[in-house]
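Novice: Generate coordinates for the entire structure from the input sequences, incorporating the hints supplied.
4 protein chains.
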Amino acid sequence: VKSFVDHNALLADPAVDAVVIASPPDTHAAITIDAANAGKHVFTEKPVDMTFEKIDAAIAAVERAGIKLQVGFNRRFDANFKAVHDAMVSGKVGQPLICHITSRDPIPPSLSNTRAVGGLFLDMTIHDFDMACYLTQSDVESVYAIAATMLEGCGEPDTAIVTLRMANGALVTIDNSHTTFGYDQRAELFGTLGMIATSNEKPHSALLTDASGSHAVLPWHFFIERYAESYRRELEAFVECIHRDLEPPVTTTDGRRAVAIAFAAQRSYDESRPVHLIEVAGQAT
Amino acid sequence: VKSFVDHNALLADPAVDAVVIASPPDTHAAITIDAANAGKHVFTEKPVDMTFEKIDAAIAAVERAGIKLQVGFNRRFDANFKAVHDAMVSGKVGQPLICHITSRDPIPPSLSNTRAVGGLFLDMTIHDFDMACYLTQSDVESVYAIAATMLEGCGEPDTAIVTLRMANGALVTIDNSHTTFGYDQRAELFGTLGMIATSNEKPHSALLTDASGSHAVLPWHFFIERYAESYRRELEAFVECIHRDLEPPVTTTDGRRAVAIAFAAQRSYDESRPVHLIEVAGQAT
Amino acid sequence: VKSFVDHNALLADPAVDAVVIASPPDTHAAITIDAANAGKHVFTEKPVDMTFEKIDAAIAAVERAGIKLQVGFNRRFDANFKAVHDAMVSGKVGQPLICHITSRDPIPPSLSNTRAVGGLFLDMTIHDFDMACYLTQSDVESVYAIAATMLEGCGEPDTAIVTLRMANGALVTIDNSHTTFGYDQRAELFGTLGMIATSNEKPHSALLTDASGSHAVLPWHFFIERYAESYRRELEAFVECIHRDLEPPVTTTDGRRAVAIAFAAQRSYDESRPVHLIEVAGQAT
Amino acid sequence: VKSFVDHNALLADPAVDAVVIASPPDTHAAITIDAANAGKHVFTEKPVDMTFEKIDAAIAAVERAGIKLQVGFNRRFDANFKAVHDAMVSGKVGQPLICHITSRDPIPPSLSNTRAVGGLFLDMTIHDFDMACYLTQSDVESVYAIAATMLEGCGEPDTAIVTLRMANGALVTIDNSHTTFGYDQRAELFGTLGMIATSNEKPHSALLTDASGSHAVLPWHFFIERYAESYRRELEAFVECIHRDLEPPVTTTDGRRAVAIAFAAQRSYDESRPVHLIEVAGQAT
Numbered sequence: 001v002k003s004f005v006d007h008n009a010l011l012a013d014p015a016v017d018a019v020v021i022a023s024p025p026d027t028h029a030a031i032t033i034d035a036a037n038a039g040k041h042v043f044t045e046k047p048v049d050m051t052f053e054k055i056d057a058a059i060a061a062v063e064r065a066g067i068k069l070q071v072g073f074n075r076r077f078d079a080n081f082k083a084v085h086d087a088m089v090s091g092k093v094g095q096p097l098i099c100h101i102t103s104r105d106p107i108p109p110s111l112s113n114t115r116a117v118g119g120l121f122l123d124m125t126i127h128d129f130d131m132a133c134y135l136t137q138s139d140v141e142s143v144y145a146i147a148a149t150m151l152e153g154c155g156e157p158d159t160a161i162v163t164l165r166m167a168n169g170a171l172v173t174i175d176n177s178h179t180t181f182g183y184d185q186r187a188e189l190f191g192t193l194g195m196i197a198t199s200n201e202k203p204h205s206a207l208l209t210d211a212s213g214s215h216a217v218l219p220w221h222f223f224i225e226r227y228a229e230s231y232r233r234e235l236e237a238f239v240e241c242i243h244r245d246l247e248p249p250v251t252t253t254d255g256r257r258a259v260a261i262a263f264a265a266q267r268s269y270d271e272s273r274p275v276h277l278i279e280v281a282g283q284a285t
Numbered sequence: 001v002k003s004f005v006d007h008n009a010l011l012a013d014p015a016v017d018a019v020v021i022a023s024p025p026d027t028h029a030a031i032t033i034d035a036a037n038a039g040k041h042v043f044t045e046k047p048v049d050m051t052f053e054k055i056d057a058a059i060a061a062v063e064r065a066g067i068k069l070q071v072g073f074n075r076r077f078d079a080n081f082k083a084v085h086d087a088m089v090s091g092k093v094g095q096p097l098i099c100h101i102t103s104r105d106p107i108p109p110s111l112s113n114t115r116a117v118g119g120l121f122l123d124m125t126i127h128d129f130d131m132a133c134y135l136t137q138s139d140v141e142s143v144y145a146i147a148a149t150m151l152e153g154c155g156e157p158d159t160a161i162v163t164l165r166m167a168n169g170a171l172v173t174i175d176n177s178h179t180t181f182g183y184d185q186r187a188e189l190f191g192t193l194g195m196i197a198t199s200n201e202k203p204h205s206a207l208l209t210d211a212s213g214s215h216a217v218l219p220w221h222f223f224i225e226r227y228a229e230s231y232r233r234e235l236e237a238f239v240e241c242i243h244r245d246l247e248p249p250v251t252t253t254d255g256r257r258a259v260a261i262a263f264a265a266q267r268s269y270d271e272s273r274p275v276h277l278i279e280v281a282g283q284a285t
Numbered sequence: 001v002k003s004f005v006d007h008n009a010l011l012a013d014p015a016v017d018a019v020v021i022a023s024p025p026d027t028h029a030a031i032t033i034d035a036a037n038a039g040k041h042v043f044t045e046k047p048v049d050m051t052f053e054k055i056d057a058a059i060a061a062v063e064r065a066g067i068k069l070q071v072g073f074n075r076r077f078d079a080n081f082k083a084v085h086d087a088m089v090s091g092k093v094g095q096p097l098i099c100h101i102t103s104r105d106p107i108p109p110s111l112s113n114t115r116a117v118g119g120l121f122l123d124m125t126i127h128d129f130d131m132a133c134y135l136t137q138s139d140v141e142s143v144y145a146i147a148a149t150m151l152e153g154c155g156e157p158d159t160a161i162v163t164l165r166m167a168n169g170a171l172v173t174i175d176n177s178h179t180t181f182g183y184d185q186r187a188e189l190f191g192t193l194g195m196i197a198t199s200n201e202k203p204h205s206a207l208l209t210d211a212s213g214s215h216a217v218l219p220w221h222f223f224i225e226r227y228a229e230s231y232r233r234e235l236e237a238f239v240e241c242i243h244r245d246l247e248p249p250v251t252t253t254d255g256r257r258a259v260a261i262a263f264a265a266q267r268s269y270d271e272s273r274p275v276h277l278i279e280v281a282g283q284a285t
Numbered sequence: 001v002k003s004f005v006d007h008n009a010l011l012a013d014p015a016v017d018a019v020v021i022a023s024p025p026d027t028h029a030a031i032t033i034d035a036a037n038a039g040k041h042v043f044t045e046k047p048v049d050m051t052f053e054k055i056d057a058a059i060a061a062v063e064r065a066g067i068k069l070q071v072g073f074n075r076r077f078d079a080n081f082k083a084v085h086d087a088m089v090s091g092k093v094g095q096p097l098i099c100h101i102t103s104r105d106p107i108p109p110s111l112s113n114t115r116a117v118g119g120l121f122l123d124m125t126i127h128d129f130d131m132a133c134y135l136t137q138s139d140v141e142s143v144y145a146i147a148a149t150m151l152e153g154c155g156e157p158d159t160a161i162v163t164l165r166m167a168n169g170a171l172v173t174i175d176n177s178h179t180t181f182g183y184d185q186r187a188e189l190f191g192t193l194g195m196i197a198t199s200n201e202k203p204h205s206a207l208l209t210d211a212s213g214s215h216a217v218l219p220w221h222f223f224i225e226r227y228a229e230s231y232r233r234e235l236e237a238f239v240e241c242i243h244r245d246l247e248p249p250v251t252t253t254d255g256r257r258a259v260a261i262a263f264a265a266q267r268s269y270d271e272s273r274p275v276h277l278i279e280v281a282g283q284a285t
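Quick mapping for you: the protein sequence lines, in order, are chains A, B, C and D. Using this note's numbering, read the first sequence as starting at 1 and increasing by one per residue. Using this note's numbering, read the second sequence as starting at 1 and increasing by one per residue. Using this note's numbering, read the third sequence as starting at 1 and increasing by one per residue. Using this note's numbering, read the fourth sequence as starting at 1 and increasing by one per residue.
Keep in mind the hints are simulated off the structure, nothing from the lab. It cannot be assumed that every hint is accurate.
In silico DSSO-like cross-links for lysine-lysine, where the CA-CA straight-line distance does not exceed 27 Å [unchecked claim]:
hint, chain 1, residue 1, chain 2, residue 2
1, B, 202, C, 92
2, D, 40, C, 202
3, A, 82, A, 202
4, A, 92, B, 202
5, D, 202, A, 202
6, C, 202, B, 202
7, B, 202, A, 202
Specialist: Have a look at this one:
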């Protein structure tokens, strides 16, 4: 194991074929461009970056270099969400009509931190925006966001419901907040033929029944425990797409789209009105 | 058992203390006024009526006559929704932040019928509007509705998501549609201390596991089966509020409020924008 | 509604077609015989009586009179157990291999009472013996019972496991005890093709998740609540079998068989050895 | 990584501190003795061996050498069974009264194989015998086994119910068979204060509801998937007990006890009567 202070030193190492970028969000594009120019494949954490300008520059560099770029939407590799996706793709739920995505974490937001990472929508909900597209197999047409601040002294919203109208007609809700009971990560997809819904994963299934009721253990506390397997799988998929020269399972298009939805949600919240994705996505093209 | 062709003949019977109105929606207010004038207590099915003018005339007659009027929001008497309400009132979920209400029925809408009864929001969602207020213990501040038409040849929307911002800060989603799998009636309330969620009631709990998976029976097919007990309980409560001279558990205020939210949802859908309840409720006061 | 101090006065009433016997167990046969002689159909609570001699006399009287006799094994009419039975009969579980019946009630036994009613096996487990035959669709070949006394000062066993080898090869366990958490009434049937299992019925499905875990309400407290519907259905079935001149859904053969299994379980417990049903059933034929 | 054809060559390697024995059952004791004589700590798969004579010789060698010996009862390290055990030890279920252990696997037994490994009780049920002691925190007093042969052409029993009376008064059932639906591994412990029960672990939680019912995925197929984590944890515990000089979490006493219960179950089945453990355990002391 070698370590480097400067990512360019790492990129200069001919033994390196591919890199994982887990730096602050507003450095992702710059490092991606450096990696692309060095001919290294890139796995970057979400978001691709924080402006369309930087994202599009990164995408251009990736295409020019002919490298693979995979974005870290790890939840696609969670067995629960994948099962919903697979039921959708196989036709078991029919045409998708309604999708509910619940995504709450156990950590109250720190004000400075959420601002630094782009606010609730770009930092946290972005995973759910990708999930909405992944589960309904559609792009987003319009976005409406309402939010509230539940924590004293935090000026940023920390609780939100985002409603999406998808291009294929499906209607989606995403809710985000912070819990006292661990990581709350669920999805329900309802269509013309049926519905598929996931439950939270728990450390064990034992149910205790005593004179006061039946009691089950809390869900896994946070992403490290809940999504451990998905992190392993997304990297395996990244390695496989390099080895077999396949398209990455999460593309730059997916990465840019999720940022666009986050921008639309932010504008919807700021202006208290539904926002068509084209209003926002049009900014950068 | 006696039967009457004209409700006024029934109202003239001195042996009658109270009446149940289950006639078409746009006749509720007129019959309520006749009953009030005859000094009979009234239990009316929802909605109280289809315009504020008629509703307010009915309320005035009820107050003038000093009779009891209870509106048929039977779901408040369902043990599942009552348990959510009770957890909220007792403080177990803390301050309410997010509430999801799912209300789907197994019967595809007939176009003529839904128009005659005021459309999806006034006919079907009105139960959920009352439920939103009942579960979060708050009035509504603003409404945003998106909807889609899933059935061929039906011009009216039959699938909708309505988002409510409650006066106490809670954010609510309601979704309505039509299922292939029976009556889908659930609620989830999430707050600063915890979450409480219901599941669908089923005819039995037997779970069959065979080589293809684990299989459970469908939920109760429709309202007659699912809400049988709640219909019994709401009428018991009506009788009790007469006998003991109590305020009815569902008041004219509740009945009028739910209609106002339905009007706001309809306007939001028609105008593709969030609507403040005051825009609509102001019409009639 | 008329009431009688003496059952013979009731039986003399020509307006009476059928009677329900819910008197102490050791009076069932005598009253059944009186009713049969009066030409009245009989629904009797379990057990048919407490000795083979009296039971066989009652059966003979019933056959002589050509009346219907139905025994109160109400659990066959519970939707949960019926679903297990129906899956068995329809072939969904294949050949039955293993069946677990759990039957625990919330009331600690009173010593005098359990002795008066024939002890744990004849009073309480008798329902489970009928259930074992009903669910596996077989007679019993041999019985092994172990038991324990959990309550101070009660000389009678109050906690037991009875193991049955059925004539068709299925192996059954029945467990009885007394709970702190209400009525615990479940069955699981496992066969060559699959398994079907029931859960306890509860007053509502609401699940509260807070910082300490997820919490569900207790099951229904006791038989009045849990089996209310089954009591209604068994009497409907009794009336129907009279009206349509059908064989009762629970016959005298079923009633006598369950008593025989109880006797075998008692002997197994007393002698600490497996007992073949023929050892006991042979007593009376 | 080095490999050896002869275990004695491995034992001669001074770099080796400890060994894992996963050879055929009737070689465990001999290899354990060789390892003990070489001063290597031993982790051996169950059973310790197939006769008391060999087991006791191995135990003597282990004690003489002062090495650690841990037996591979991995299920103690499964989070589900551990939660039941922990609830028992912490007093949450009160005094244990009834315990049901279900242990069914998806692989039909091959006749030659089950005979070679000692039959159903010594090969398969032995895990459940250890679990019965672990969950009720007690030794066994007496054993009663009934069994059946469900598979054509297989002379050995493949479906069994073993009933145990524990020294502390708890009554236990164990059932074994072979399923069409994967690995069925559950436990329920009922006591004077409450009950704790586990469910099968599944690859994901997604529940599909369509017009035919609600459908969940099968449990993990077999031990490799279901118990993967427990295998990791038992070896971690083994390494830790060496490093910190602790008693192994599964001792030679545990290993010998489970074999004794298996012998008693076999005798009970062969002789169709309950067998006191002392009848069997007395053989070898």
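Novice: So, for every hint listed, does it hold in this structure?
Specialist: Against the structure, the hints come out as follows:
As the CA atoms of residue 202 of chain B and residue 92 of chain C are separated by approximately 20 Å, the hinted pair is consistent with the 27 Å bound. The hinted pair formed by residue 40 of chain D and residue 202 of chain C fails the criterion: a straight-line CA distance of about 56 Å is larger than 27 Å. Taken as a hint, the residue 82 of chain A and residue 202 of chain A pair is honoured in the structure, with Cα atoms around 18 Å apart against an allowance of 27 Å. Annotation: proposed proximity of residue 92 of chain A to residue 202 of chain B holds, straight-line Cα distance about 22 Å (limit 27 Å).
For the suggested pair residue 202 of chain D and residue 202 of chain A, the alpha carbons sit about 11 Å apart, so the restraint of at most 27 Å is met. Simply put, residue 202 of chain C and residue 202 of chain B have alpha-carbon atoms about 11 Å apart, close enough for the 27 Å limit, and the pair holds. Proposed proximity of residue 202 of chain B and residue 202 of chain A is supported: the alpha carbons are some 25 Å apart, at most 27 Å.
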